[in-house]
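Novice: The two chains are supplied separately, each in an independent frame; assemble them into the complex guided by the hints.
Protein sequence lines, in the order shown, are assigned to chains P and Z. Numbered per my numbering, the first sequence spans residues 34 to 530. Numbered per my numbering, the second sequence spans residues 117 to 534.
A few of these clues could be false.
[Claimed, not checked] Not close to chain P: a few residues of chain Z, all C-beta gaps over 12 Å, as computed: (1) 161; (2) 192; (3) 203.
[As the list claims (entries may be wrong)] Label pairs and their calculated CB-CB ranges: (4) 82/P to 305/Z: 51 to 57 Å; (5) 303/Z to 152/P: 57 to 63 Å; (6) 81/P to 354/Z: 57 to 63 Å; (7) 305/Z to 298/P: 25 to 31 Å; (8) 410/P to 446/Z: 55 to 61 Å; (9) 409/Z to 392/P: 16 to 22 Å; (10) 379/Z to 291/P: 36 to 42 Å.
These are calculated hints, taken from the structure and not from any lab test. Where a beta carbon is used, it is the ideal one built from N, C-alpha and C, also for glycine.
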Amino acid sequence: MTKRFDSLVANDGIDLVVEPGQIHCLLGENGAGKSTLMNVIFGLLRPDEGEMLIDGEPVWFTNSGEAVRRGIGMVHQHFMLVPVFSVAENVVLGFEPTKSFDRLDYAKARDDIRRVSKEFGLEVDPDAIIEELPVGLQQRVEILKALDHDAQLLILDEPTAVLTPQEIDALMTIMRSLADSGKSILFITHKLKEVKEAADVITVIRQGRVVGTAQPTDSEGTLASLMVGREVILTVEKEVRSPGDDVLEIRDLVVRDDRGLPAVNGVSLDVRAGEIMALAGVQGNGQTELVEALAGMRFVESGTITLRGRDITNKTPREILDHGLGHVPEDRHRNGLVLSMSVADNLVLNTPRRAPFARHGSRNLNAVRDNATQVVRDFDIRATSIFEPVSSLSGGNQQKVIVARELSRPLTFFVASQPTRGLDVGSIEYVHRQIVRQRDEGNGVLIVSSELDEVLSLGDRIAVMHQGKITGVVEPTTSRETIGLLMAGVSEEPARA
Amino acid sequence: MPEDPRASLLSRWTRRTSQSPLLVTALALILGLAVGALVIIVTTPAVLDAWRGSFHSWGAPGHAIKVTLDNVGAGYRSMFTGSVVDPPQFWHSLTTGRNWSLSLTPLSETLTYATPLVIASIGVGIAFQTGIFNIGANGQAVAGGIAGATVASMIHLPTFLHLPLTLLAGVVGGMAAGLVPGLLKAYTGAHEVIVTIMFNYVIYAFLIYTLLSTPLQLPGQQNDISRTFDATAQLSPFFGGSSGLRVNWGLFVAIAVVVFAWWFLDRSSLGFDFRVTGANPNAARASGINARVVVVLVFLVSGGLAGLAGIVQASGTTHLITGGFLIGNAGIGFTAITVALLGRNRPMGIVWGSLLFAALGVGGRAMQSATGIPLDLATVIQSVIVLFVATPVLIKEIFRLRGAHTSALQLATKGWGS
Numbered sequence: 034m035t036k037r038f039d040s041l042v043a044n045d046g047i048d049l050v051v052e053p054g055q056i057h058c059l060l061g062e063n064g065a066g067k068s069t070l071m072n073v074i075f076g077l078l079r080p081d082e083g084e085m086l087i088d089g090e091p092v093w094f095t096n097s098g099e100a101v102r103r104g105i106g107m108v109h110q111h112f113m114l115v116p117v118f119s120v121a122e123n124v125v126l127g128f129e130p131t132k133s134f135d136r137l138d139y140a141k142a143r144d145d146i147r148r149v150s151k152e153f154g155l156e157v158d159p160d161a162i163i164e165e166l167p168v169g170l171q172q173r174v175e176i177l178k179a180l181d182h183d184a185q186l187l188i189l190d191e192p193t194a195v196l197t198p199q200e201i202d203a204l205m206t207i208m209r210s211l212a213d214s215g216k217s218i219l220f221i222t223h224k225l226k227e228v229k230e231a232a233d234v235i236t237v238i239r240q241g242r243v244v245g246t247a248q249p250t251d252s253e254g255t256l257a258s259l260m261v262g263r264e265v266i267l268t269v270e271k272e273v274r275s276p277g278d279d280v281l282e283i284r285d286l287v288v289r290d291d292r293g294l295p296a297v298n299g300v301s302l303d304v305r306a307g308e309i310m311a312l313a314g315v316q317g318n319g320q321t322e323l324v325e326a327l328a329g330m331r332f333v334e335s336g337t338i339t340l341r342g343r344d345i346t347n348k349t350p351r352e353i354l355d356h357g358l359g360h361v362p363e364d365r366h367r368n369g370l371v372l373s374m375s376v377a378d379n380l381v382l383n384t385p386r387r388a389p390f391a392r393h394g395s396r397n398l399n400a401v402r403d404n405a406t407q408v409v410r411d412f413d414i415r416a417t418s419i420f421e422p423v424s425s426l427s428g429g430n431q432q433k434v435i436v437a438r439e440l441s442r443p444l445t446f447f448v449a450s451q452p453t454r455g456l457d458v459g460s461i462e463y464v465h466r467q468i469v470r471q472r473d474e475g476n477g478v479l480i481v482s483s484e485l486d487e488v489l490s491l492g493d494r495i496a497v498m499h500q501g502k503i504t505g506v507v508e509p510t511t512s513r514e515t516i517g518l519l520m521a522g523v524s525e526e527p528a529r530a
Numbered sequence: 117m118p119e120d121p122r123a124s125l126l127s128r129w130t131r132r133t134s135q136s137p138l139l140v141t142a143l144a145l146i147l148g149l150a151v152g153a154l155v156i157i158v159t160t161p162a163v164l165d166a167w168r169g170s171f172h173s174w175g176a177p178g179h180a181i182k183v184t185l186d187n188v189g190a191g192y193r194s195m196f197t198g199s200v201v202d203p204p205q206f207w208h209s210l211t212t213g214r215n216w217s218l219s220l221t222p223l224s225e226t227l228t229y230a231t232p233l234v235i236a237s238i239g240v241g242i243a244f245q246t247g248i249f250n251i252g253a254n255g256q257a258v259a260g261g262i263a264g265a266t267v268a269s270m271i272h273l274p275t276f277l278h279l280p281l282t283l284l285a286g287v288v289g290g291m292a293a294g295l296v297p298g299l300l301k302a303y304t305g306a307h308e309v310i311v312t313i314m315f316n317y318v319i320y321a322f323l324i325y326t327l328l329s330t331p332l333q334l335p336g337q338q339n340d341i342s343r344t345f346d347a348t349a350q351l352s353p354f355f356g357g358s359s360g361l362r363v364n365w366g367l368f369v370a371i372a373v374v375v376f377a378w379w380f381l382d383r384s385s386l387g388f389d390f391r392v393t394g395a396n397p398n399a400a401r402a403s404g405i406n407a408r409v410v411v412v413l414v415f416l417v418s419g420g421l422a423g424l425a426g427i428v429q430a431s432g433t434t435h436l437i438t439g440g441f442l443i444g445n446a447g448i449g450f451t452a453i454t455v456a457l458l459g460r461n462r463p464m465g466i467v468w469g470s471l472l473f474a475a476l477g478v479g480g481r482a483m484q485s486a487t488g489i490p491l492d493l494a495t496v497i498q499s500v501i502v503l504f505v506a507t508p509v510l511i512k513e514i515f516r517l518r519g520a521h522t523s524a525l526q527l528a529t530k531g532w533g534s
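Only chain Z is shown next, with the shape it has when bound in the complex (with noise of 0.2 Å):
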């Protein structure tokens, strides 16, 4: 869009950025942080004490913001030290040339942790982007984790062929769990929303199931606990095992992915099906696309990614899958419906998206131990973005942004209709 020349360069800038939405994420996340602060203060007794001092003598108050300071910094402090990098620790490393493992860890921690969110995420994006609210990407996962988890214990093989299988496996199992709620929607119109959340405590019944009465069960356990993977069928680390950090060969699979997704949803006549679809389903069908089979193939793309993101899990982490497998705080599938949403389905916006989500996880983990703040601090803030992030108006009036672009935010949380 051609620009005034008579406007100021940084009327300008003003301009251009404030119609980005890298920018509303921005400060999404800024106001994530000053929330999270709120909650730091509010819940941290030392914090609460030096303020509750500071109304009994009159000279404190300076103590007490010094308190808090002392507080929010050091948590969110030891959150990136604990997520990205501790500086002289890095320093060291760089300086000395020991230690590199230690000072590599935060980094290894959030990549390990994104991995599989890429991926999940990824596929939750591509079927919002047709219009279809997966909720049951974690269900996906599940499966693709159960199928994967088959192959990679009870089948031995060389490795270039059992690596690949049991990835095939995952991505196997998420079809096939999602493959029942497309197909309902397609032929009886069932809500996609409804199906798929039930399914998921299909899934997970299914999960305690195998891992208590079928052979995939660790032998000699009472536990719901599966077979250890073949070390033929696992995604190792980079830098071997005994360097201690986790970042896997997974992390090319997400790569893959991506690299997929963006020439799937650009350049593929099938990417191409699925959008039309999502942005007008009537002008889909007049143009001779035909909707049931989008609908199906978008759940066995969407199933088929999540139940991959499922297998890379278990893959490159734990090598073998218990009745918690993805439970609560590792249900991917979940998070991934919020980081598709951060993301605005684009794949490389998922990609950022999961990067910020692994390292707030993996960080409030880091800051827990070192400072006693709790983990759902990270949960917290993450919340916060989301919310910021979903409801753009939010935050153009808080931080008086004139004419953001928010039609491209509004695209992104579309896809309840059914």
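Isolated chain P (complex conformation) (with noise of 0.2 Å):
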């Protein structure tokens, strides 16, 4: 099958075969072209060359309706979910059954989705209402959805992408239970623990081609450098380095979020200079606000925050990116980049005005272009030109934007939320790699993220967050297990500063 994108192959002549009860994992990096490939599965989009056969009967969709009658079932990566119905509402939306009169049959609703929900154990409430449903049990909507429309091949699309540790161990045994009873799995993702975990077969795709298959009892090493084309440091690469005095010093903050709830509740840390921070937690217990208050972009209600000796507290953005803090936000389409610009304004996005990038009001273009032809080199960015909407970019290379935007100017602190999210390994290794040579620098650095994997990796010391707050600060050495406690909520040890 091959799909082009004008001059883009997106898929150049992809060959798959997905037996009956397998797990089949699609491995590959940002932009390689499995979303293409599964959107083209699912009649999303048209092919331009090549042939599909579903138990030996050649068949294209025109489009996704085609593809659920004949068993092909999607779970997107955003969910496509009416927040406000009802998980039976939900679940029939489309193919309703009707009692006489057109009136929906919700009676009969409920007794299908139990029974389905009963057969492959997929415990959910046919009367909660979405929106009130964890992001978990959410998805697991989804793949009923998809059960009850009688899919025999469901696709997963970067399932694990918004999911808590647990909540993907539980995703785990949900797809070996359906892949038991006879339905085939296509599962998307770029991270090789699961893949090693859970696939039966795997083919790995690299710029649009398949580049191999490979057996869940290789290494991930092998994996890696199958998806990237070459051998990929897995572990972060770090020396121990003795950390200097305290450069951020958080001091009882407490920030509202945007529903006026306190979800930042007294907070108390301090990162020291030529240290990681790692602030680890599941998303939503106020890393998201506590980062925003530090970066001038969320009022704080009371305490302090002082960088570098300098009282921050509720100054303006520029006031403190002018103090020297590098900012990587978490939503990277709404806070750190223009999609409709071009790589080169948005290199310079916070920093317009500065020396040699404008003159007395004026900009200098060929400083903006050169220094984007700079640093898209340096970063290894990629894109077919400086002067193309970041828009076009893949999601990691927009994350490099971003990265080496903030990195480019000089620093004395450096905080970044979610970093690595949806990267792929070699985009990740090459943040990791950037963020260590920060605190090597001699600078604090403030990690937030939800990968466990990645906090404990990165972390000279681990910070823990629940609910607002500090549940503990622990050495990297420490257990999952603890972590995994702190994330809870329970304190093994007064939280501490």
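Specialist: See below:
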């Protein structure tokens, strides 16, 4: 199968065979063409060449409805659920069972769901409202929906990106039981650990081509090098450094979230020069608000933030940036980039007035261009041109643009929220190395991540956050179980700064 | 974007042109003229009679078609000769060297009308690019006119001081009128669309007040009319007053504004802040751009340009202002909104859009006097063009364009969000 977008060949002669009862992993970097392939299978995109056979019968779908009728179900990375509807309503949406006079048959819908969830061990209350369910359960509803439509092949597009470690474990169990009952699963991911855990067969895609099949027994190193085409250092290489004095001091910080509820509730935290402080925790426990307050993006209710001896509490983002804070925001599309603008402009987004990019209010476009050319080369940002809009870059390269922008100006402190979310192995490795380099240059670094692996391998110290409080600050040698307990709010020792 | 070299020359040409917003605009113009033709048909009694006649006698549709084409043709011909050039007349001047002013009058009128329109539209376009919907450009232009008229008629100075000071007063007047909605939006979050619409009325009322109850009123008059501008404060016609050609030095003010706008949006740091704010306010904030300051500055720039448009209009043509200043069809501040949309907020796009709208307006008047087809036809054509430009999907469907580049078009219509 081949699919082109203009001159870009997204899928180049892909061959893929999925057997019944098999968990087939599709592994590849960001931009390798995994999602394109899935969208073609599901009828959302039309292929340019090639053929697809279901049980030996050639088919191409012109829309997703046909794919659903032929027993293909897809769970998108971003859920396609109506938040204010109940589980039952969402599951039957589009294929509603009706009684006479076109009345919805809720009883039948509920019974169907109970039956299907029992059959596959997917416990969900059919009457629960979607928006009140945790993400893991919402995903379960998506799977239920596909099964309710009698899917024989289930496509899961990056299903673990939004889940907590416990939810991931639960998902793996579900996937296994589905496969055991004869369903086929196409599992798309770029996380090696999950692949090894879940897959029966692994197909690796790179730059739109199948570059090989692998077994789950192959080492992570083998898989990673297949994905990126070169050896990848998976553990972060960093020497032990002795940290200096405190550079960031947070005292009794209270910050409210968008709804006006206290999201950060009396946090005190110190980060020393030449140290990476990793902030762990399940998402939504105040990490986002803490970092926003740090960057001047959110009002501090009480408490103080001191950076290099200067009080930056409730200062403007401009003042804080000028004081040497580098910030990689959690939501790169919302806060980090102007998608319609060029790569070059985005690389100077927060330094447009700094020499040499401007003088006397007039921009020096030559300097902006030279800077972009240099940075794109240094940071290995893959863009066809520095003048193309940053929206046309892959997610990993967009993130690199932000990281490159923040790190290519003089910093005293670097804070990054979910710095490698959605990135492929090659980019992750790169970003990690940059973060360690910041530390080695003597800057303080604060990393917020919901990926435990990242926290453990990057952090010199790990602070765990739960419901707006720090439940513990521990060494990276601490066991996962202990940290897991802290993330769940079980404090083993009194919180200390 | 590299193209497939195997594609035929024709298909490559179609592909390239179908991606150009210019083509979409040109097609919108064709559709506008087509709709206008329909309007001429259904509103011209002679045409309707001819068709009615054709139902009674079977041989007549040929006649009805001829009458239709004659009327539509005459209408559009007079529109063209009235706004651009009348070829026989022009040839006459070229061969005999006489009557040049008559030959150049249509072009002169179009340029005269386009001059303030370009300035006001650029003001509106800059605000659009920042995500600010400035509906108050007309009021700001009126305010500029009032301030400029005051300096032009009540202070007496030599030209090299008086004229710049008059124009500056226009800018300041427009800025003052823009500042109020700007401050309200920045500090209270009031939606600029509501505030600027309402503020238009405040300024109209203020105009009447100044023309009836202040020394700006022409002495000895009871009507709402201002003193006449000093000759030293007038943007005089290029070819002298005796030529009858009204095109004036305001044209150079407009050209300067276009150059300024290009520099401002493309090259200035403040313009960069504006564009970032318009494209993604959250990222703007995270990058240290102060949203409040930007909102206030946008209104100062946009209002200032609208004010300049107002005084250029008054100082270039009427040399005084009345209670009807920029009211109704003359409301360039409102036309500016559509022109900015048409020009996709870019300086050169706005220049073409202004020329097109000016030509339609000026040509419409010529058509009305030559054929009796009402001037409103020009408005119909203008509206249809804007309608199709604002909904490029329709154009794509009608002309079966594949993959026409519509994102740039949609960007231009952004800006309603608070």
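Novice: All the hints need checking, so say for each whether the structure fits it.
Specialist: Evaluation of the provided hints:
| no. | hint | verdict |
| --- | --- | --- |
| 1 | 161 | holds (52 Å) |
| 2 | 192 | holds (39 Å) |
| 3 | 203 | holds (44 Å) |
| 4 | 82/P to 305/Z: 51 to 57 Å | holds (54 Å) |
| 5 | 303/Z to 152/P: 57 to 63 Å | holds (60 Å) |
| 6 | 81/P to 354/Z: 57 to 63 Å | holds (59 Å) |
| 7 | 305/Z to 298/P: 25 to 31 Å | holds (28 Å) |
| 8 | 410/P to 446/Z: 55 to 61 Å | holds (56 Å) |
| 9 | 409/Z to 392/P: 16 to 22 Å | holds (21 Å) |
| 10 | 379/Z to 291/P: 36 to 42 Å | holds (39 Å) |
Figure legend: structure checked against the earlier numbered hints; every hint is met.
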